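Asker: Please work from the sequences and hints to get the whole structure.
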Amino acid sequence: MKASVTFNQQEFERKLAKDLGRDLPFAAARALTWTAKDIQTNSRKWMMRVFDRPTRWTLNAAFVRPANKRGLSAEVYFKDFAPKGTPAGKYLMTQIKGGRRPHTRWEKRLIHAGIMLSTEHALPGKGLKLNAHGNVPRGVYSKVLAQLQLGDSRTGNESRASKAAKGRRGAARYFVSYGKDAPRIGSVRPTGLPRGIWQRDRRGAISPVFVFVSAAPDYADIFDWKRWAAETARARLPINFKRSADLILRRPNR
8 MKASVTFNQQ EFERKLAKDL GRDLPFAAAR ALTWTAKDIQ TNSRKWMMRV
58 FDRPTRWTLN AAFVRPANKR GLSAEVYFKD FAPKGTPAGK YLMTQIKGGR
108 RPHTRWEKRL IHAGIMLSTE HALPGKGLKL NAHGNVPRGV YSKVLAQLQL
158 GDSRTGNESR ASKAAKGRRG AARYFVSYGK DAPRIGSVRP TGLPRGIWQR
208 DRRGAISPVF VFVSAAPDYA DIFDWKRWAA ETARARLPIN FKRSADLILR
258 RPNR
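Following the numbering used here, the numbering of the sequence shown begins with 8 at its first residue and continues without gaps.
Wrong hints could be hidden among the right ones.
Subject to a maximum C-alpha distance of 16 Å in a straight line, what follows is the list of computed EDC-like cross-link-like pairs (lysine to aspartate or glutamate) [said to hold, decoys possible]:
no., residue 1, residue 2
1, Lys25, Asp253
2, Lys233, Glu82
3, Lys104, Glu114
4, Lys9, Asp87
5, Lys76, Asp30
6, Lys150, Glu127
7, Lys22, Asp253
8, Lys150, Asp231
9, Lys97, Asp225
10, Lys9, Glu238
11, Lys52, Glu238
12, Lys133, Asp208
13, Lys249, Asp26
14, Lys44, Glu238
15, Lys52, Asp231
16, Lys104, Asp231
17, Lys9, Asp231
18, Lys115, Glu82
19, Lys104, Asp253
20, Lys249, Asp30
21, Lys97, Glu114
22, Lys115, Glu127
23, Lys9, Glu82
24, Lys136, Asp208
Computed Cβ-Cβ distance ranges for the label pairs, DEER-style [to be verified]:
no., residue 1, residue 2, range
25, Lys52, Lys249, 21 to 27 Å
26, Leu124, Arg77, 50 to 56 Å
27, Arg180, Asp231, 43 to 49 Å
28, Ile255, His140, 42 to 48 Å
29, Ile255, Arg60, 41 to 47 Å
30, Lys104, Lys76, 30 to 36 Å
31, Gly28, Asn142, 49 to 55 Å
32, Lys25, Arg60, 28 to 34 Å
33, Arg112, Phe182, 41 to 47 Å
34, Pro144, Lys76, 43 to 49 Å
35, Leu66, Arg258, 34 to 40 Å
36, Pro144, Gly106, 25 to 31 Å
37, Pro73, Lys22, 23 to 29 Å
Worth flagging that the hints you see were computed from the coordinates, not collected in a lab.
Because the structure is a prediction, the values reported are computed rather than measured.
Don't be surprised by glycine CBs; every beta carbon is placed ideally from N, CA and C.
Answerer: Written as structure tokens, this is what we have:
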């Protein structure tokens with residue numbers, strides 16, 4: 008998702024453009040970049056207004072590709088890469104366009120391992136304590152993957168020593184429930200619990216950490232970013248162009 012800010016000389020004062028002469032492309036490129044940065048700054052404010060406790064990663068998701076004299080167009084993008092987790096550009100797209108949420112990287116791991124069906128999504132259960140932003144703490148994912156023997160080179164499968172240490176400390180243990188109608192496989196009996204990932208605490212009490220649901224989470228298009236970005240560009244570009252032009256015209260060597 009991106010917003011482009013372009014320059015149309017006909018929209019600005021002919022006299023000002025004439026006075027700038029060969030400096031016109033530079034003045035326009037600088038004004039376009041300033042306007043894109045205005046959109047970037049406003050994007051943070053819009054997120055604070057629309058979203059509930061957005062993370063710093065989300066608030067800093069917008070970045071600017073500046074304009075230059077040869078290409079009079081500046082662009083504002085949302086980051087489409089994340090070393091871990093889902094890129095901001097992907098989950099913000101759902102909030103901008105609305106519709107069903109696609110599978111996260113975490114969910115794809117569960118599907119690939121045969122733990123979750125491709126028609127299901129994993130939602131936080133009542134046994135999972137969310138962080139201050141209302142999200143799943145990042146460490147939970149790696150712990151669950153490790154205990155379910157789905158760790159990779161970064162998370163690693165739990166060693167016997169680690170398991171023994173956790174057992175001594177009475178840490179919660181995670182297990183999968185395939186539903187009350189799941190067939191018995193060898194010595195493994197169905198738990199009778201709803202489909203999902205559950206935890207058993209040191210007292211033996213169990214609670215759902217992730218619940219598998221067949222209906223994909225559906226989001227409304229509450230973040231009208233494209234329209235707000237266009238309105239910001241229309242309001243700020245003339246102001247920024249005049250400011251950029253004035254800085255050039257006030258040079259003593261002109």
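Asker: For this structure, which hints from the list above don't hold up?
Answerer: 3, 6, 8, 18, 19, 32 and 33
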